[in-house]
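Below, each chain spelled out in residue letters.
2 protein chains.
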Amino acid sequence: MTFKIENKDPGSAARAGTITTAHGDIQTPIFMPVGTQGTVKGIHQSEIRDVVNAQIILGNTYHLYLRPGTDILKKAGGLHKFMNWDLPILTDSGGYQVYSLKGMRKITEEGVKFQSHVDGSRHFFSPESVMDIQRIIGADIVMAFDECTPYPCEYNYAKNSMNMTHRWLLRCIKRMEETEPAYDYPQTFAPIVQGSTYPDLRKESAEFIAAQGQDMNAIGGLSVGEPHEDMYAMTDLVCNILPTDKPRYLMGVGLPENILESIALGIDMFDCVLPSRNARHGLLYTKNGLINIKNAKWQDDFSPIDADSPAITSRTHTKAYLRHLFKVEELLGAQIATLHNLSFFIWLVTQSRRKIQEGTFYTWKEEMVKSVSQRL
Amino acid sequence: MTFKIENKDPGSAARAGTITTAHGDIQTPIFMPVGTQGTVKGIHQSEIRDVVNAQIILGNTYHLYLRPGTDILKKAGGLHKFMNWDLPILTDSGGYQVYSLKGMRKITEEGVKFQSHVDGSRHFFSPESVMDIQRIIGADIVMAFDECTPYPCEYNYAKNSMNMTHRWLLRCIKRMEETEPAYDYPQTFAPIVQGSTYPDLRKESAEFIAAQGQDMNAIGGLSVGEPHEDMYAMTDLVCNILPTDKPRYLMGVGLPENILESIALGIDMFDCVLPSRNARHGLLYTKNGLINIKNAKWQDDFSPIDADSPAITSRTHTKAYLRHLFKVEELLGAQIATLHNLSFFIWLVTQSRRKIQEGTFYTWKEEMVKSVSQRL
Chain A
1 MTFKIENKDP GSAARAGTIT TAHGDIQTPI FMPVGTQGTV KGIHQSEIRD
51 VVNAQIILGN TYHLYLRPGT DILKKAGGLH KFMNWDLPIL TDSGGYQVYS
101 LKGMRKITEE GVKFQSHVDG SRHFFSPESV MDIQRIIGAD IVMAFDECTP
151 YPCEYNYAKN SMNMTHRWLL RCIKRMEETE PAYDYPQTFA PIVQGSTYPD
201 LRKESAEFIA AQGQDMNAIG GLSVGEPHED MYAMTDLVCN ILPTDKPRYL
251 MGVGLPENIL ESIALGIDMF DCVLPSRNAR HGLLYTKNGL INIKNAKWQD
301 DFSPIDADSP AITSRTHTKA YLRHLFKVEE LLGAQIATLH NLSFFIWLVT
351 QSRRKIQEGT FYTWKEEMVK SVSQRL
Chain B
1 MTFKIENKDP GSAARAGTIT TAHGDIQTPI FMPVGTQGTV KGIHQSEIRD
51 VVNAQIILGN TYHLYLRPGT DILKKAGGLH KFMNWDLPIL TDSGGYQVYS
101 LKGMRKITEE GVKFQSHVDG SRHFFSPESV MDIQRIIGAD IVMAFDECTP
151 YPCEYNYAKN SMNMTHRWLL RCIKRMEETE PAYDYPQTFA PIVQGSTYPD
201 LRKESAEFIA AQGQDMNAIG GLSVGEPHED MYAMTDLVCN ILPTDKPRYL
251 MGVGLPENIL ESIALGIDMF DCVLPSRNAR HGLLYTKNGL INIKNAKWQD
301 DFSPIDADSP AITSRTHTKA YLRHLFKVEE LLGAQIATLH NLSFFIWLVT
351 QSRRKIQEGT FYTWKEEMVK SVSQRL
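In order, the protein sequence lines correspond to chains A and B.
Position 43 of the first sequence, counted from 1, bears residue number 43 in the working numbering, the numbering being contiguous throughout.
Position 240 of the second sequence, counted from 1, bears residue number 240 in the working numbering, the numbering being contiguous throughout.
Bound conformation, chain A alone:
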C-alpha cells in the first residue's frame, strides 16, 4: 500500500491524496460504507460501486467470524470473492463489537472471552487470533486488536486500557510479521490510538503508535458519546503527532459535520453506520439538512426526494412515495434511503477533496457545516 498526498488546503490541515492497494486506488478523503456481514444492508454490490460510488467498504471481523465463519471464507478464497466485491476492503478487529456484548465478555491481558450474540456459544479473541482471522477474511487493510473505552471513562481505567492496547499492538505486529497473507495480495496493518478524552493519554498513545512506523494509522475511542468539542480536540492533538505522510483513519465518525471538521484537522478516512442505519429509520442526510421522511408534512410532497442527489432513485422518486414506503414498511423504502444516504456521504468527501484541490476547502466547509446541521 502506498499513500501520495497531492494537495494541501491552505486554510486548514486538510489534504487530498491517493491510497494505492492491490484492489485499486482510494482517493482521499474517503468515507467507507459499512458492510457488516458481507453486505452493505439493502443495496447490491453493483450499487455500492456505481450508485454510491464507494471506493472501499468495511467488514466486521466479529460478525464474519461468527457467520459464515473462517472455514467458509477460506474455501471461498476470502471476503472479496465470497461477496463478489473486487474493490478494496478494510476489516475492523472485532474489538468494538465484543466490548458491546455487556455481561457476555471478559477482558484479560491475554485477550477477550465472549459469548456469541447469535447462539450464546463461547469464544476467545486474542491479538494473535484476530490477526489470523483477518488473514483469512483477506481485507486489504486490517486493524489492530485494541480496547475501545466507553465515554465517560475513569482516568485510571483509560490509562491501564491504553497501556494494554499498546502491549496488544506489539503482539499484533509480531503476528503479522510471522504470518503471510492467505491470498495472492498484500495486507496493510493499521494500529489504533486510544486514550479516551485525556490529552496526556492521547499524546502518549499517538507517540507510541507513530513510533511503530506502520503504513497507516487510526484513531479509535471517539464518537462514543463525548461532546463534539472533545472529539475535535483529541483528533487535532493526535493528528499533530501522527506522521503526515501516512493515511489517518478516524474510526466510527460520524455525522456529516463531524466528517467535515475532521477533514479540516487532517483526517483521510472515515466509516460510520449512521448513514445506513438511519436510512432504515427514514432519516435522510442532504446538503440542506436532515429529513425525517416519516413526518406527515411529506405525505403529499411530490417534489423529488433530493433533486441534487447523486442517486438516481432520489432524483426520480418523490418524498410522498418514499414516505408511503416507510409507512407501509416496504423494503424498497430502506433500499432507496440507504442509496440516498451513502451516496450523500461519498458526495460530501468527494466534494471536500475537490475543494482541497482548489484550495477553497476551509470557507466551503464552514458554510457546509451550518447547512448540513439543519433539520428540514
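The hints are simulated quantities; they were obtained by calculation from the structure and are not laboratory data.
Do not rely on the hints blindly, as some may be mistaken.
A pair counts as met if it fits within one copy or between any two copies, since identical chains are not told apart.
Stated by the list, open to error - List of simulated lysine-lysine pairs, PhoX-like, C-alpha gap at most 25 Å: (1) Lys370 - Lys75; (2) Lys41 - Lys106; (3) Lys327 - Lys41; (4) Lys294 - Lys41.
Starting from the structure of chain A, add chain B where the hints point.
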C-alpha cells in the same frame, strides 16, 4: 387496448400475441409481478424493467385504497406517477383481499363491509366504489368486483355467489360507462368468470362473461387450494367458451408448471405472489427445479446461484453467499432471490412465446413441466 394474435401453437391452444396499451405493448403470454402497495417488494422499478424484464405489473386496490389512499394517489396523478413506473399496470378489484379478512367482513348484495387489517377502521366496497377507486389509481387494466369463492365450496354457495358476481358485473360495467378515466389515457375493464370447480357453473359463468363483449376476460377463483387437475379442467372448459380474439387472464396462477399447462390451454396472462413471496423465504425457481437456499448442502457451494439466470446477480453471486445472506437475515438475500424468481418467471413465459412462434411449444412444455417440478 387492442390485442393481436400473431402465432398459434399447432400442438395446443397456446397462442402468442401483443396487447397494446397507452403505456406500451405487452407481448403474450405474460407474467405480471405483484406490486401490492406500489412496489414490487425488495426491488427497484429500474430492476423490474431492466433485470426482471417485466412488461406489466399488478397493483392491489385494497392495499392502495388503505395506504396511501385515494387522496394522495389523485394528487400524485395516479399510481404510475406515484411510483414512477411508466409501463402498463393492472389493478385487481380488492375483492380477494377483502374476503381473506375472515371475521372482519360481511358480504351483502349491496357490497362488502370490512375492517382494515391495519387499524381496524370500517370501510365499504361496492361494485361502484371499487370502479371509482380504480379510476383514481389509474391502472391501464381494471378488474371487475367479484366474489372469489374458497375451496372447497358448497354447490349452492358457489351458484348463488356466481349469480351475485354476475349482477355485480353489470353494476361495474354501468359505472365504467358512466365515468371517465381520471387521467389522459383510457382504461380497459375485464370481467371475471367464477363458478368454483363445478363445470355447469363455470360454463354458465363463462357464457355470461363472454356475452358482455369486453376487451379482455379473466378467470378467477382458481389456484385457491383445488387439485391441479380441477384447475386445468376448469381453465380448459372456460377457454373454450371465452372469445378467442380477446386476452384471457388466469388470476393468481401459479407454479411454473401451472403456468406452462395453462398457456397450453389458451391463457395469455398470469399473476402470482409465489415467486416474490417464496423468494423472501429462500425458495428459488430454476428451469431444473426448486432450490431451498437455506439448506446446509449449499453452505460451501461456490457455484453461481443459477448460471442460466437472466438476472446478473444470480450469475455472479454464489449459492454459499446467498445462503449466508438468508442465514444472517440480510435484506440483500431477499433482494437477490426476488430478482432471481421474477426474472425466471418472465423467462418462462418469454420462452413459451418463442416456442409458440416456432411451433414447438407442446413438446417443449411437456419436458419443461417435468424439469421445473423437481427439487434440487
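- Query: Which numbered hints are broken by the structure, listed smallest first?
  - Reply: Structure breaks hints 1, 2.
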